[in-house]
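From first to last, the protein sequence lines are chains A and B. With my numbering applied, the first sequence covers 1 to 407. With my numbering applied, the second sequence covers 1001 to 1230.
Hints were generated in silico from the structure; no laboratory data involved. One or more of the hints may lead you astray.
Unchecked claim - In silico DSS-like links for lysine-lysine, alpha-carbon gap of 27 Å or less:
| id | chain 1 | residue 1 | chain 2 | residue 2 |
| --- | --- | --- | --- | --- |
| 1 | B | K1220 | A | K398 |
| 2 | A | K398 | B | K1137 |
| 3 | A | K135 | B | K1080 |
| 4 | B | K1017 | A | K398 |
| 5 | A | K398 | B | K1010 |
| 6 | A | K6 | B | K1137 |
| 7 | A | K398 | B | K1191 |
| 8 | B | K1004 | A | K6 |
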Amino acid sequence: MMFYLKLAWRNILRNKRRTIIASIAIGVGLASMIVTDGIMIGMKNNLVDSATSTLLGEAQIHRKDFRFTQDVEKTIIKKEPLIKALKKDNSVEKFSERVLSLGMITSPSTAESVIVYGIDPESDKFLSKIDDVIKEGTYFEEGSGREVVIGSRLADVLEVSLGDRIVITVAQAFGGDLSQEMFLVGGIYNFNVKEMDNGMVFIRKEKAQKMLNVGSEIHEIAVKFRGLRMSENKKLPFWNKFGSEENEAVSWTIIMPELKNMLDMTDISLIIMGGILFFVVIFGIINSLFMSLYERMFEFGILKAVGTRPGGLRKLIIFEAGWLAVISNIIGIILGLIISLLLVKYGIDYSGIEIAGAYMDKIFPVMNFIQYIKYPVFVLIFTIIVGFYPAFVAGRMKVADALRKSM
Amino acid sequence: MGQKTIISTKNLVKTYKDNGVEAKAVRGIDLEISSGEFTAVVGPSGSGKTTFLNLISGLDTPTEGTVHINNRLISEMKGKELSDFRRDNIGFVFQSYNLIPVLTVEENIEYIMLLQGVSKSERHDRVLQILDEVGLKGMESRRPTQLSGGQQQRVAIARAMVSNPALILADEPTANLDSEMGSDLLEMMKKLNESSGMTFLFSTHDEMIMGRAKRLITLKDGLVKSDETR
């Protein structure tokens, strides 16, 4: 065994140029897999983060049907014990109560239909990024209860600026009477996303509850878990605990199914791309091994003539394939590491691009140890499997044919 | 001579098919070679020398007829059995370039013993001993490319003989050597033949080998034309 390993290693180094070219080709394939995997994870995280941390949260609790009807009368049932339970739940890191309604915003110039969010500014800071993207003014610092935070595009449409007065009109619960309140523009945010900068306004929760005549009831609780992956865990007790006959507890994967499907598709794309890359790599290996095999037919003839069993020759070729994989893996890992580190440092700018309702930002590949183990092991296994074909040919080779050029 | 027969062929025939055309390389050879002989098989190109050697060594399979080596029917052997038989009973010396270039002289010579499962220390001792016998003492660490053609052939002979096979088959062993090297090599093989009692069978065009062979078998068109013992 050791002898064949040694002989295989020396054979691999015999034609250094060919070995290096073949190893670089395989190594580039491996590096592509490692880097692509990192980018895909980065993109996925970016999209999920964008979708969940901008406003949505990783999960939401509503009264059943509220998501589809936006009926302001459908407030969360048994809110108080639910809030208590949320505070005690180990999987929940933060949560924020919200009141939601469709409404009309009017300035001296014009009127626009919007979604009115009544939020608790303090707790919502952890569930949304509005406070991070305030372009002008402040994020509910005034404290009068009359401030409204609006998007930059909406401000342009309404032709208002900080301190200007606007009127919000909503239809009240239980009767549908119209309720109007005057607000002062306290902050202008800019997500750089048309739908968000144009179609939403944020006021204090208490004010919204009063306007909508829902008392202290709420329509939505946005939840942030202790780990993002929890939101994708269908077996998490959270879902049954907070979902009941009256209320529903749903993950972002259900609220934004198109994004979830798109991310699942990227996983499949990665597998397909990986398959194609490995296919290319496999032919590179077969080509290299066969070139090496045919070049040394006479030598194999001698080895067989002097008593090497067919299995011995097969072993030798498979070990050569294994060594080729080891060299290729070293090249691929180094190359993958360099490219990944560069991308982690500089990122890939996808700012403003929308995919399935989520907006991408600069993507930074996610490097993890498993990428540098999993794919090299794949390459090693595939290379050895591929090596069986030339090994089989070598084992079946007729000695007299191999030696013909001499004897 | 009273010595036992080491090679016995009966009605040995080998037919090749190339693009549907049949060519008979060996047309029915009946031969017996005794243990310890120093025999040369000669003949013009295409006479069937190489095919004959391939058949008696089990490197090729006959179309008809049988080959016995040491009373074992090797023309019916296959796979592992044939590999092991060759390893233990036949030593090969080819024209040239017959050493594994990535192995040292010692590794080339010990390879067969390695296949036989001989211990490392015994292998080393026997390599040193045989290198001494072929006049290459102290060259065990060299690579074949660091040796002259004559030295390479000596290593090949050492490799062929190191496991004490009953038969050494040599295909044109002096073909790529100058006359002086060829003569030295031949002299060495003759001495080894006499001292070890191993059977040497050559395929050759070399008149020097023909002159020193104890038995000269001449092939023509795949048949034995003459068989002369001196």
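Consistency of the hints with the structure:
For the suggested pair K1220 (chain B) and K398 (chain A), the alpha carbons sit about 25 Å apart, so the restraint of at most 27 Å is met. In summary, the hint linking K398 (chain A) to K1137 (chain B) is not supported, as the alpha carbons are separated by about 35 Å, beyond the 27 Å threshold. Between the alpha carbons of K135 (chain A) and K1080 (chain B) the distance comes to roughly 82 Å, so the proposed pair goes past 27 Å and is violated. Among the hinted pairs, K1017 (chain B) with K398 (chain A) is consistent with the structure: their alpha-carbon atoms are about 15 Å apart, no more than 27 Å.
At roughly 23 Å between alpha-carbon atoms, K398 (chain A) and K1010 (chain B) fall within 27 Å of each other, so this suggested pair holds. Taking the CA atoms of K6 (chain A) and K1137 (chain B), the gap is near 25 Å; set against the 27 Å cutoff, the hint holds. Proposed proximity of K398 (chain A) and K1191 (chain B) is contradicted: the alpha carbons are some 34 Å apart, above 27 Å. Restraint check for K1004 (chain B) and K6 (chain A): the C-alpha separation of about 41 Å exceeds 27 Å, so the hint is violated.
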